[in-house]
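Generate the whole structure from the sequences, applying the supplied hints.
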Amino acid sequence: MKTSSTKKAVVLAFLVAAGILMQLIESFFPVVMIVPGYKIGLANITGLFALYAYGIKEMWIVTLLRIFLSALAQGSIFSVSFALSMTGGLMGLAAMSLAYKCGWFSIYGVSTAGAAAHSFGQVLAISWIYQQFFMQLFLPVLTALSIVSGLAIAMLTSMLLTRLRFSRALERG
Amino acid sequence: MKKADYLLICALMVFSAGALIPLAFSRKEASRAVVQVRNKEIMAIDLLKDANYTVQGTNGPVNIEVKDGAIRVTQENSPHHYCSKQGFVDSVNTPIVCLPNETVITIEGEDESEDTVIS
Chain A
1389 MKTSSTKKAV
1399 VLAFLVAAGI
1409 LMQLIESFFP
1419 VVMIVPGYKI
1429 GLANITGLFA
1439 LYAYGIKEMW
1449 IVTLLRIFLS
1459 ALAQGSIFSV
1469 SFALSMTGGL
1479 MGLAAMSLAY
1489 KCGWFSIYGV
1499 STAGAAAHSF
1509 GQVLAISWIY
1519 QQFFMQLFLP
1529 VLTALSIVSG
1539 LAIAMLTSML
1549 LTRLRFSRAL
1559 ERG
Chain B
248 MKKADYLLIC
258 ALMVFSAGAL
268 IPLAFSRKEA
278 SRAVVQVRNK
288 EIMAIDLLKD
298 ANYTVQGTNG
308 PVNIEVKDGA
318 IRVTQENSPH
328 HYCSKQGFVD
338 SVNTPIVCLP
348 NETVITIEGE
358 DESEDTVIS
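Protein chains in written order, with the working numbering: chain A, 1389 to 1561; chain B, 248 to 366.
Honestly, the hints are just simulated from the structure, not real lab data.
Careful, some of the hints might be misleading.
[To be verified] Restricting the straight-line Cα-Cα distance to at most 25 angstroms, the calculated cross-link-like pairs of lysine-lysine (PhoX-like) are:
#, chain 1, residue 1, chain 2, residue 2
1, B, Lys-296, B, Lys-332
2, B, Lys-249, A, Lys-1489
3, A, Lys-1395, A, Lys-1445
4, A, Lys-1489, B, Lys-250
5, B, Lys-332, B, Lys-314
6, B, Lys-314, B, Lys-296
See below:
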């Protein structure tokens, strides 16, 4: 039991590190700048991986640590963009936990729900912080795009889970 | 993929399509421009009607033109002609300011152009 919990801690630490790296690298390359604020969100692979490999609690740990530490690395901690990141992250985490727990969805549905809730939370936070409501014009576009990114992330994560022999976790959903 | 996944994706698509509908109807909202000379509102201009106007500024007449929902200053008397060089403006966030003439033109109403940058 001792070794497996050590192994788990190491895997989670690796996931956090990989997530920070992906978030930083993605912020250098604004992939699609058609809509301001839209990113594929490659870093969410790590959260989804933790969810299916270990469980809900581990996903929260990995994602929250990743948001916190990458903000620290970028020097944007406790700024507006950190608040936006955090609100979106929390909304996404809550939606993914619910979608995972109710058991109706496969990994694709869970990921898409998380992506949609993430963009919803960010639009909410932007409207609240800036007191400007033009961002709501982007909400339909962002939710439509979050289907794309949610499915892409789910596909990448399920490939990763299969290759890293965590595929037993996928059978659940 | 399970059935619930398809349902969720369809629901999201319907939601995004549905949320776009009100936008199509709210396009013609920014339709009024206000002209101020020496901090006093002297004219309200309907932007939906193409026309020419003249107001009396500090250095002489200021000619204003409205075309296709946008407004500009065509001719005025000032050292650098900044406000006539500015050209057409159709955004709430961009006023036309003629400082030597103490004339300010602002568009009022709902705005749809985005120029706040969020990074």
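Here's how the hints hold up against the structure:
1. Lys-296/B x Lys-332/B: holds, 22 angstroms
2. Lys-249/B x Lys-1489/A: holds, 15 angstroms
3. Lys-1395/A x Lys-1445/A: holds, 16 angstroms
4. Lys-1489/A x Lys-250/B: Holds, at about 16 angstroms.
5. Lys-332/B x Lys-314/B: Within the cut-off at roughly 16 angstroms; holds.
6. Lys-314/B x Lys-296/B: holds, 7 angstroms
Violated hints are absent here; each numbered hint is respected by the structure.
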